Each structure stands twice: as structure tokens, then as C-alpha cells.
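**Student:** Top to bottom, those sequences are chains G and E.
For the first sequence, our numbering gives the first residue as 1111, with consecutive numbering after it.
For the second sequence, our numbering gives the first residue as 1111, with consecutive numbering after it.
In short, the hints are calculated from the structure, not lab data.
As the structure is a prediction and not an experimental result, all values here were calculated from the model.
Just to be clear, a hint being listed does not mean it is correct.
One copy or any two copies: either way a pair holds, since identical chains are not told apart in the list.
Result set (SDA-like, lysine to any residue): computed pairs, CA atoms no more than 20 Å apart in a straight line [unchecked claim]:
#1 1614 / 1214
#2 1373 / 1266
#3 1228 / 1665
#4 1373 / 1270
#5 1112 / 1210
#6 1218 / 1629
#7 1472 / 1489
#8 1113 / 1574
#9 1228 / 1247
#10 1615 / 1459
#11 1112 / 1359
#12 1112 / 1362
#13 1112 / 1414
#14 1112 / 1573
#15 1176 / 1637
#16 1373 / 1189
#17 1614 / 1563
#18 1113 / 1573
#19 1614 / 1215
#20 1112 / 1626
#21 1472 / 1497
As a plain string of letters, each chain reads:
Number of protein chains: 2
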Amino acid sequence: MKKRTHNCGELRKEAAGNQVVLAGWIDSVRDHGGVLFVDLRDREGLTQVVVHPGNQTIDEALAHFKTESVLEVEGEVVLREPETINPRMKTGEIEVSATSVELLNRSKTPPFPMDDEKADKVNEDLRLRFRYMDLRRPRNLEVLRLRHRATQAVRQYLDEVGFLEIETPSLFKSTPEGAREFLVPSRLNPNEYYALVQSPQQYKQMLMVAGVEKYFQIARCFRDEDLRADRQPEFTQIDLEMSFIDREDMYALVEGLMKRVWKDAVGVDVPTPFPRLSYDEVMNRFGSDKPDTRFDMEITDFSDTFAESGFKVFAGTIANGGVVKAINAKGLADLTQGELKGLEEAARSLGAKGLAFIKAEKGEWKSPILKFLSEEEQQALRERLNVEDGDVVFFAAGEWESACTILGRVRLDSAKLLEKRGKITRDPADYRFLWVIEFPLMLFDEEAGRYTAAHHPFTSPVPEDLELLDSDPKAVRGQHYDLVLNGVELGGGSIRIHQPDLQKKVFEDVLGLPKDVVQERFGYMLEAFSYGAPPHGGIAFGLDRLTAILANRPSIRDVIAFPKTQKGQDLMASSPSPVSEKQLRDLFIRNVEPVRDDENS
Amino acid sequence: MKKRTHNCGELRKEAAGNQVVLAGWIDSVRDHGGVLFVDLRDREGLTQVVVHPGNQTIDEALAHFKTESVLEVEGEVVLREPETINPRMKTGEIEVSATSVELLNRSKTPPFPMDDEKADKVNEDLRLRFRYMDLRRPRNLEVLRLRHRATQAVRQYLDEVGFLEIETPSLFKSTPEGAREFLVPSRLNPNEYYALVQSPQQYKQMLMVAGVEKYFQIARCFRDEDLRADRQPEFTQIDLEMSFIDREDMYALVEGLMKRVWKDAVGVDVPTPFPRLSYDEVMNRFGSDKPDTRFDMEITDFSDTFAESGFKVFAGTIANGGVVKAINAKGLADLTQGELKGLEEAARSLGAKGLAFIKAEKGEWKSPILKFLSEEEQQALRERLNVEDGDVVFFAAGEWESACTILGRVRLDSAKLLEKRGKITRDPADYRFLWVIEFPLMLFDEEAGRYTAAHHPFTSPVPEDLELLDSDPKAVRGQHYDLVLNGVELGGGSIRIHQPDLQKKVFEDVLGLPKDVVQERFGYMLEAFSYGAPPHGGIAFGLDRLTAILANRPSIRDVIAFPKTQKGQDLMASSPSPVSEKQLRDLFIRNVEPVRDDENS
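Kindly produce the complete structure, drawing on both the sequences and the hints.
**Tutor:** What follows is the structure in C-alpha cells.
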């Protein structure tokens, strides 16, 4: 093997006359009048190489030069004739006239076509089985490069502002409720199990107690649950925690971080500060706690309008404490029966009984419910929703959160339909960051008859609401914050409770966990807090999701080097991995023996 | 909470007169004439704060200000009186005269004394249980900072030379031989198991086939085996792989990397290039493949001298193809009976039948074997080992590798004894990097009657030795390289096989693996290589070990934020984690049902 002097993306006309050595893969090969023109590809680009077949016939040479084989070429850089200059190629002004060529490795015929247009249509499982071929496509390799740039940016920024990257264990304590945990038996302790961490939450809080003050980690996390389209059993989190801060410090830090990542990874200057919207506001306006604000179509409340309506569905809902809300899907009056049905089904899937609508077409309003609406009610709709010919109005009536959520979904689905018609655009490069804040701290679980933490039990209440903890837990807002971008929750976090008494009160009095459960699961934490825990807070971001947005890829599988298929397999774990009877015996059976097998008794 | 204006390590006399806000932990508190002097500590240092007790009595105030409690102080920076300036403190010229003080959190009495001298003597399990307190000691926090700096240096350097950091899966395929693997059952695929990766070796080779060319990762790896003193179930590896390179490229890369890490982490300029010693040479000279070259005491071969010796043990060994070697432990003639016994036992533990020695004391040589040695033999020893009064010569006779290893151990143990006597020093800051190269590719496993890979089966043979693969596999050297520092193997790697035919030959013909086993375990790899794998090679370093050396700490547990105890527990996993019967049932029993339980049948 000779020493490469250049990569395949860097030679320019100034290099003409130089002797060079290139190495890479044969991207394509063509026979032009008995001479071979090879496009040689490496990580950095393509260079055209001209090979004279020498003693071989051209057919022999062609057979030798199969695409995706690995070639090393020594030769002279030559200016191309003006008419053969390729302006679409970075190296298009030159070619390399080979003086020696060595085939470093042969390739069989690729299992699928390597050009993007065709490869994108290939079954994903086949592409994952041959992931090493799929990653050779420059577009896919570029995603890995982007991910690298993004994580480097995160690390450099956080280092500059004083964060220490600290590794925390993956082998964590198993918790009885951890239904989604991967359990890991160990030879060391029969009848005990580790669990793979779902997040470093508790470890990072311990690091604050330890006085680290500014911690971060790009941490692998694990979740054993069905793999939906966009879920992997292992995923990566940008995780950080700081001491002696309040929410303002966190907003400023994260805005700086995002600015840096977007700048370094995709060269975009993101404006800061990000807007802050309360949970109530985003639900009222967008029907979602992760609103896509690249388009309007905001939700309007008509509860006042319909309180006394002749349309009993609306009036009755309001009388029962519910709300009536509507959106105007501008220009969607031409929606098909099938599309309408799709919207209805989406609404029903969220608990709606149906999807009331009004179409404004050819100067007329058409709707099954029109006959129930008074002139004043219609006037109110027309004015407040700016209803014009070609629009459709959709309604939701019900309990506040449910009505908001339904219209939030209809809003998104309508946007898709309008986008198909070219009537709105949601530019993936239009980055609309925003904070959602002032979430409720607790939710009431009707079924269990008790409160549960809206995010997690370590979130600190908003100080003004502290006294409501006893009297009206549901009204207490938490110091939680979500960072949202274009309809995606990029990350979330909170200021934590650092006072052992308050944390205990939340566990026992508010969440109603039995004392022994609190002691067993969180005793070490309460103990740690009693040795001088500083005020602290943190946030975590899904790196896979963040990279997918940066790369403008629809699936997180596109931004992971070796994603697992829906069956949890990857290239290396592509065939089943049965363990030997001996292994089972050594590990599992010894461990489970104390458990009776009721099915056989 | 007020906004911190400064940390506790940065105020200097120039700040006198400024109003500041500090926050941190009470390191100590003293009553001086009714005024409290608090040393406030944060991550960056200590600042003396002067507090007037106000309305409280001094005793009340003192009770309030327990050490390790969290305090926020607002006050004015004041120059200290000249006689109270503390030159050992970075902030020793000033103090902060508090105008307001808020106790942010109380601390109970720490579970062990926090000053280094006392804390170091505390039982390690107790320190691990209260790891958050142990980490508050500035010396321990500094180790985490050092580790952060080292990993940042790795990342920056590798980024600068074109490497991409790419994450590979932790959930790998389980292999039948993987005796040390953690097995992970998954809800997704009953009767199948993942294994936690022991290293990303195969994934990174796939990335080379994918055309990534330069990959690295700071990767978590897992091994389920007994935790000895310096072994953790999870550990971290600096892992890298490159394409189109030979060994020279790798040496240059790694030398640059180490230079950068040592510079950034501890400010030391490491000279490069590193010496390269063949496996034969390090074994012959130092009796170890990871020699500590900070001291001499090299091994000398006396097989020629003793081939015809009257001492039949030596002559017989040589006649049987063995060797006789010796070292001179200079100045160790005063070793005690107990020390001698210790050396003998060490030698015996490596297969020696005993440990022959000669002491040179008071102008005389003393040794049980002296009477068997001719004058010429004694003369040869004296000259070639430079034996002087006060020295001890130790011998090993046996098969080459075994004799080397025994004397290698005696050499190290003697060095410890000499160090205790102040006769040699092994300065931890004297960094003697070296490469060990030209290892044998294969070892012959006498018991199994077949060859095994000395490192792993992907290592490429040295090209000149390729033809010996069939005729004399044992003589084939591999393109493997170890990076050694002061007696520790920092890392190791190799140029890999990239030709599918050669890889198959190694698996099947040389290692004698059955075809179906090769197909099942490595089929995907052979397949991948047949699609144009580039020449490639890599290396991996143990980050924990590397950091321990940088920090001059004896144990890797000192450089891990949350190390596990010998029982595999840590702060969070400190109590057993029994899983519920239901969980066992859902996960394991369903999975193991097909297996008969022979003990009950």
C-alpha cells in the first residue's frame, strides 16, 4: 500500500502536474474509446481517474474494476479539456492520469443500487442488513458527520462555560415500578439484578450534592419497550445539571447552547432569547405542549358565544364546565371525503365524539350543524376566525384539555393537507424555538385516585404556589421547562427540590407513597439531601431527535450509525442470539429458582 | 436566592471595596472574639467570610453554621490585616465582610472527617456509600476535572485530525463463548437475548467498511466477572479505527494524541516518538510485555554460560531447550528472610520450582548454589551483571517465556523493596511511554490442541510472515501493537485483516473453527468484507487506567464518579435490588421455559 497524498475531494487546477496517490471506492466506471474513466470516491468527495488498460483488453479491465471495489491510484494531476470540465464536481477541473493502479479489495455487486433516488426506495430492513453499504452513500455519511459536529459543539460550549463531563453508571438499581427497564442479571450477586439506566437523573443530582456545580454528559440510556417507528431500545441524551441557579440561568445557558450547536453544525444563526409560553397558553393557542409555530391556524375559544346556544351539544358541554373551541383551516374547503374522514378519526382517537365543521364554499356555509347556529353565533365565528370563501372551520367541545388536544391534532393534520396543496409551508430550516413553562406540578390520576408527578417527583414547585401543596396540589405549578422546536420536544428539565423535608413531603403527603417504599427507593436521596444539597436544576435533550432535525431527516433511525430494526435487530444482531442452556442455567435459573411456577402447580 | 457574582476561588486584593455574592459549603467555622470566621468553599476554592452574629448569641450562630451546610453570603470585599494574610490560600489577601447571610440548606454532621489525611483512612465502603461527601474533598473533585480535561483533549485532537465520533450500540449480539458477557433479555424477543458489548471492535470495523475512514468513540464497555481490586463491571474505552493506513500512521497518530492529552491534562510535554521494542526484546530484557522502564535491573541471558555447567538444574534445563537468565537487584543484599520468601513465592506462583540467588555481602558471595558454580561461571556473572558488594543476583531456569516472566516479576518486586530502602525511585511523573510490537499472531493452546489468536482473530499477520501461516503459525508475527507506560498497558490494537479470503482462512484453517460456527458468528463480517473493505487498523485505550496514571492514583475506583464496590454496588445500588415475581415471570421465565431443569428431573 502506498501512502495517500490527497483525499478525493481536494484536488484543484493548481495541483496540475503533481504526482499524487489517491485511495477510495470505485463510484462508477465508464469506457470511453478504450480508456477507462473511473470516479474514485472517498469520505471527502470524488475524483476522476483515467486508466489505460495496458496489456488487458478493455473488457478484462472493466471486469476488474467493479463498482464499490477499493482502489489505490498513483498518477499525475492533469487539467481537463475545457469541454469536459464538470462544474458540479469540486474536483471537476482536473483528473488524475493513472500511472499505477492497485486493487486493494474487490466488491461483489452491491445488494441495492447506491444512488440516493433508487436506494431510498429500497426496503429499510435490507438497507439495515447492509448498513455498511447504505452508510457509504455520501448523504448518509454526512449525517454522521453532522452528528459529530453537533456533539463537539455541545462539548466545547459546555466546557467553555465551566461544565465538567462526568460519566455515571449504566448499571443502575432496579426499581419495582420499572416496567420499561432492561434487567441485567449478574454473576456477582445471584437473585439480584441491575437495571440499565433510563436516564442519569438521580446520579446527576448526587453530583450536585457532591459539589460538582456544573455537570454534563452525553449519556446512553435504555428502555425496553416496543419499538415504534421512532423509538430505539438505546438512545442518547445530552444531560446537564447546575447548582446555585434559577430558571433564568437555565434559559440563558440553553439558548447559548442551541445557538452554538446550530451555528457549528449547520451554520445557522438562531435568534435568542426564545419566546416563553405557559402551558395554559400553548394549549389554548395550539392545542399541544409542543406546538409547531411555523404556521398560525391558532385555536379560538367560543365558550362565551355558545353558552346559551341552540346547539345543545355546545351549550350542554359548557354548562358542564367544558369549553367549545374552533380553528379555521384556511383554504381547506376542497378537502375530500376521505381527508375529512381521516381528520374525524384522528379526533375520535383522542376522545372526540365526532368532528363538527363548517365549510365556506361559493359564498355559502355548508355544515350539518349550521341549522342549529344563530346568526349572531355565525357572525362571531366569521369575525373572530376571519372565515372567508374556501375555508373550513373545525370545532371541539369538551373538557378543556381534551378539547385543546383534539383541535391541536386537527390543526397539525390540516396543516399537512394544506401543505400538500401548496397553501402553507413548514420550512424545516425555519427554526422556531420556544420554551413551554409553568406546567402543573401534579396530575390527578382518576383511576388510582391519587396525584402523580406531571414530570418527575424531584421537580420543585414554583415558590409562590408552595402553600397550595396541601390545599390544592393540582393548582401548583412546577419549575419545569420544555424546549420545543417546530412541534418537537427537544428537551425538558426543571429546578429540583433540594430541601430534604420538602422532598419527603412530596413523596409521602402529596404523592401518597408509603413510607417504606419512599425509604427503600429514595432513602439514599433524602439522606444525601440532609448533608447540604445546594439548590440545583437541570435539563436533558434527546440527541437523536435533535440530530434528525438538524439533518432534516424524518426518522431517528437515519441519524444512528447502527439502528435496530422494529424487531430490535441490527447488522450484528441480525440473526437470533439464542443463549446456550449452560448460560441460561448459570445466569437465570439460579436466579429465578426461588420463584414458584404457578402454571405448573 | 441571590445571583452569585464570584466563585470562592477568584477574589484578589484588587476587588477590595466591591459588593459580592458568594455561595458554597461551610468548610470550617471559628469564633474569634464573638465574630465568626467562616471558610466558604465551592468548586473553585475557599474564601474567608466574616460574620457578626447580630441578634443571636455566638453559640446560637455557631449552631446554625454547621460545616458542610450550604450558605449564601452577600458582603463587601475587605483587605485583610497584613498579619492575617494567608499566603497558602489563593484568596488569602482578602475576606468578605458579610452584610447578609442565608442558610440555603443544613448539613448533618458528616459521616466521616472531611480532611484528606483522616478521610483517606476511612473504610472505602463507607466512603462509597457517602460518595457525594467523599467527592466534596477538593482533591477528589480535581480528579473528575482531570478526567474531563483528558477526554476533552482526546476529542479535540481527534476532531482536528479528521476523526468522527460515532456511537455504536451497547446492546450487541450474544455469543455462545461470551462467558463474561452480561446477558440482557428483552420483552421484544422472547428466547433471545442481547449481550452488553465488551468492546465496539466489530462495529468499528463495519464503520471502516462503510467508508467512515476515521472513527473514534469514548465508549462504555461491560464485563460480567468478579470484581478484583481494579476491575469494574463497566469501564470506558477510548476506541479508534482508521482506513488506508499502516502501523507507522498509527504510531504517529497515537503519539500525537498522548502528547496532547498529557499537555492539556497535566501540562507535561511528552517526548516523541516513543521507543519501539519487539515482544522478544521486552521479554528478554524486562520479562514483561508491559515493562516499567523507569529503572534498569535488566535481565541477562546466561544459557551459553551454563550449557555445560556442573549445576545440573541449569545445564539440564538448557539441554531440554530451556534458558537460564538472571538479574542483579543492586543493593538488595540486606533483604530480610521474609522478603526473600515473598520473592520466592511470587516466582513459584508463576511456575518456578524455587528462586536461586547469590548474595554479595562483605566481599563474599553467599548462595546455596555457589558450590555448583565454576570460577568461570562466577566470573561471567560478576562481569556481565556488574555484581558488587551489597547486590543480590536472582536466577530463573526454564522454558524461555516462563523464565522471562518469572524474572520480570522478581524484577518488579525487587524494585519495590529497593524503593522502600530509597535506593531507586520510580517517579510517577516520569512518563516512559513505549510501543511493544511484533507479538506472535497465534498461541498454541496445549490443552485444546489448537491455535488461538494471541489478541483477536481480526489481527493481520506481518506481510513477510504470511507464507508461514500454513507451515508454522506460531512463528507468524501479528501487526499488533501495545502502548505501554510505566509498567501499565495503556492500550493495544492492530492492523486488521481486510481480505475476506484471508479472514476466512484464519478462522477455519488456522484457528480451526468449524465452518458453521464461523458462519454463524462472523458470517456477516466475511460478507461485509466481500463488498470492498478498505485496509484498516485501530487501537483502544482504557480511559480509567489512563486517568488513574494522570492523577497518580493507585486505583481506577479513584477516577470514576460512582465506582461499584467489590460486591458490585454503588451509592444508588447500595441495597439489593430484588425483582418482583411478576417481573421475573414476564422476563425470564417466559424466556427460559424451553430449557429443562435437569436437577429436578
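**Student:** With reference to the structure, classify each hint as holding or not holding.
**Tutor:** Hints, one by one, checked against the model:
{"no.": "1", "hint": "1614 / 1214", "verdict": "between (66 Å within a copy, 17 Å between copies)"}
{"no.": "2", "hint": "1373 / 1266", "verdict": "both (13 Å within a copy, 18 Å between copies)"}
{"no.": "3", "hint": "1228 / 1665", "verdict": "within (18 Å within a copy, 55 Å between copies)"}
{"no.": "4", "hint": "1373 / 1270", "verdict": "both (16 Å within a copy, 18 Å between copies)"}
{"no.": "5", "hint": "1112 / 1210", "verdict": "within (11 Å within a copy, 72 Å between copies)"}
{"no.": "6", "hint": "1218 / 1629", "verdict": "between (61 Å within a copy, 18 Å between copies)"}
{"no.": "7", "hint": "1472 / 1489", "verdict": "within (18 Å within a copy, 118 Å between copies)"}
{"no.": "8", "hint": "1113 / 1574", "verdict": "between (68 Å within a copy, 19 Å between copies)"}
{"no.": "9", "hint": "1228 / 1247", "verdict": "within (12 Å within a copy, 60 Å between copies)"}
{"no.": "10", "hint": "1615 / 1459", "verdict": "neither (37 Å within a copy, 59 Å between copies)"}
{"no.": "11", "hint": "1112 / 1359", "verdict": "between (54 Å within a copy, 12 Å between copies)"}
{"no.": "12", "hint": "1112 / 1362", "verdict": "between (52 Å within a copy, 16 Å between copies)"}
{"no.": "13", "hint": "1112 / 1414", "verdict": "neither (80 Å within a copy, 44 Å between copies)"}
{"no.": "14", "hint": "1112 / 1573", "verdict": "between (68 Å within a copy, 14 Å between copies)"}
{"no.": "15", "hint": "1176 / 1637", "verdict": "between (67 Å within a copy, 16 Å between copies)"}
{"no.": "16", "hint": "1373 / 1189", "verdict": "neither (36 Å within a copy, 44 Å between copies)"}
{"no.": "17", "hint": "1614 / 1563", "verdict": "within (14 Å within a copy, 56 Å between copies)"}
{"no.": "18", "hint": "1113 / 1573", "verdict": "between (65 Å within a copy, 17 Å between copies)"}
{"no.": "19", "hint": "1614 / 1215", "verdict": "between (65 Å within a copy, 15 Å between copies)"}
{"no.": "20", "hint": "1112 / 1626", "verdict": "neither (69 Å within a copy, 37 Å between copies)"}
{"no.": "21", "hint": "1472 / 1497", "verdict": "within (13 Å within a copy, 113 Å between copies)"}
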